[in-house]
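**Q** Start from chain W and add chains X, A and Z according to the hints.
Number of protein chains: 4
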Amino acid sequence: MDDDLAALTARLEAFADERDWAQFHTPKNLVMALSGEVGELTAEFQWLTAAQSAAVMTDQDHADRVRAEIGDVMIYLTRLAGVLGIDLVAAANAKLTDSARRYPPDRVRGDATKAAKGQPTES
Amino acid sequence: MDDDLAALTARLEAFADERDWAQFHTPKNLVMALSGEVGELTAEFQWLTAAQSAAVMTDQDHADRVRAEIGDVMIYLTRLAGVLGIDLVAAANAKLTDSARRYPPDRVRGDATKAAKGQPTES
Amino acid sequence: MDDDLAALTARLEAFADERDWAQFHTPKNLVMALSGEVGELTAEFQWLTAAQSAAVMTDQDHADRVRAEIGDVMIYLTRLAGVLGIDLVAAANAKLTDSARRYPPDRVRGDATKAAKGQPTES
Amino acid sequence: MDDDLAALTARLEAFADERDWAQFHTPKNLVMALSGEVGELTAEFQWLTAAQSAAVMTDQDHADRVRAEIGDVMIYLTRLAGVLGIDLVAAANAKLTDSARRYPPDRVRGDATKAAKGQPTES
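Residue numbers (the numbering used here), protein chains in the order written: chain W, 1221 to 1343; chain X, 1221 to 1343; chain A, 1221 to 1343; chain Z, 1221 to 1343.
Among the clues, some could well be false.
It does not matter which identical chain is meant; a pair holds if it fits inside one copy or across any two.
[Claimed, not checked] SDA-like mimics (lysine to any residue), calculated; alpha carbons at most 20 Å apart, straight line:
hint, residue 1, residue 2
1, Lys1315, Asp1281
2, Lys1315, Arg1327
3, Lys1315, Ala1275
4, Lys1315, Thr1269
5, Lys1315, Ala1271
6, Lys1315, Val1328
Keep in mind that the hints were calculated from the coordinates and are not lab data.
Nothing here was measured: the structure is a model prediction, and the numbers come from that model.
With the rest of the complex left out, here is chain W (with noise of 0.2 Å):
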């Protein structure tokens, strides 16, 4: 793991120690914690069109909800990480890097319902 990400992680164990509040954070807890902080970044996107969506970062007030709620997601995401003992970036290269196998460019280009998830390309 690099170091920003290694800090991070043990940040949020020093904050929850220092605060005794390593006993709600259970995995099943900060798995709803980490739900409902995407609840809440979903919130800022509901009534956009998509090109609104792809303009967010251009209006300050949104530009700075969105930023904090990303942070609180990636927060819970790394606590989580860290409580489970998983690596996050490498947990995301090897699901990347069994999609790239699944989904080669030749047989997906372009394609939204192979974009899909779970639908595997025909042989």
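**A** Same frame as chain W, but now just chains X, A and Z:
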């Protein structure tokens, strides 16, 4: 941003470009994809007790599924942040600094109600 | 079988009792199960454009999957409400009455920013 | 569909039409709104133990918040179903009939692993 996370961000961009999938990666769609993956992660924990959730990584099959789902969540969070131009670790650190100020240890130690998001401590 | 909501609530209770599954149906677990199913529903829509989403029921396969996921969401929401002793329709009507008061038509007509949850209209 | 739920569906349609908000109520947007509300409901339970969650309706403030969030979830689920032309109770009953067949009581009684969605019983 650190090198591993920057490399993952770049790898995700290349993965999408090779498949001409960037057209589907509007922030709105990516937030939905992130939400869908968090749903799958949630399903791994929904019937477990807090204690069973704490031991989830001791069972090989369950550990593999949890690591895979966390990998998928990290993929979409990193891709979303890349498309929006947001530094994930910086955003998390900024929110954590804010939380450390709003929830000083001597006010919230061991208290679940204060641990609830958004509940400020009394002055 | 009749389609009444009270009958569904009773049917869900019997389904759980017959399998001795009520022990797993704590409100906490049911909220997670609901969240997981909403994630599956979200996955059906994540790569669609707004227009494609509006036409989703015209494709047999897609319509069947959407109906199935909505069925699962309704199952867990109804079971959760049953366990908590909450009347779903009454709770929805109460919130709607509140929203009708906070968002009078002449203040918010056609305005997406006011359509965003929690944004009060100016006095 | 029973009268109460049909009346709520009609009330939600009128509420949106009066405000010229139907334009924002694409199925895609409504699924996101539903997801956001389930996130808020999740936040009410994330730090509670299973026992605390079972007692949540005994505390006036907590009960009011839970009822309000469940009302919001029901609002968006009912509106989504209305826009898609799906009967919520019928869809739930259809899935429950399917689950009753896949999880016969004598095969799954008291077993949490079988309670996990998608895990079929052995033949």
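**Q** Within a copy, between copies, both or neither: which one fits Lys1315 and Val1328 at a CA-CA cutoff of 20 Å?
**A** within (17 Å within a copy, 32 Å between copies)
**Q** With identical chains treated as interchangeable, where does the CA-CA distance between Lys1315 and Ala1271 reach 20 Å or less: within a copy, between copies, both, or neither?
**A** neither (29 Å within a copy, 28 Å between copies)
**Q** Check Lys1315 against Thr1269 for me: Cα-Cα at most 20 Å, and say if that holds within a copy, between copies, both or neither.
**A** neither (30 Å within a copy, 26 Å between copies)
**Q** Can you give me the call for Lys1315 and Ala1275, within, between, both or neither, at a CA distance of at most 20 Å?
**A** neither (29 Å within a copy, 23 Å between copies)
**Q** At most 20 Å between C-alpha atoms: does Lys1315 with Asp1281 qualify within a copy, between copies, both, or neither?
**A** The answer is between: 16 Å across copies meets 20 Å, while 34 Å in one copy does not.
**Q** Quick one: Lys1315 to Arg1327, C-alpha cut-off 20 Å, is that within a copy, between copies, both, or neither?
**A** Answer is within; shortest intra-copy Cα gap is 19 Å, inter-copy 34 Å.
In summary, the structure is inconsistent with hints 3, 4 and 5 from the numbered list given earlier, while agreeing with the others.
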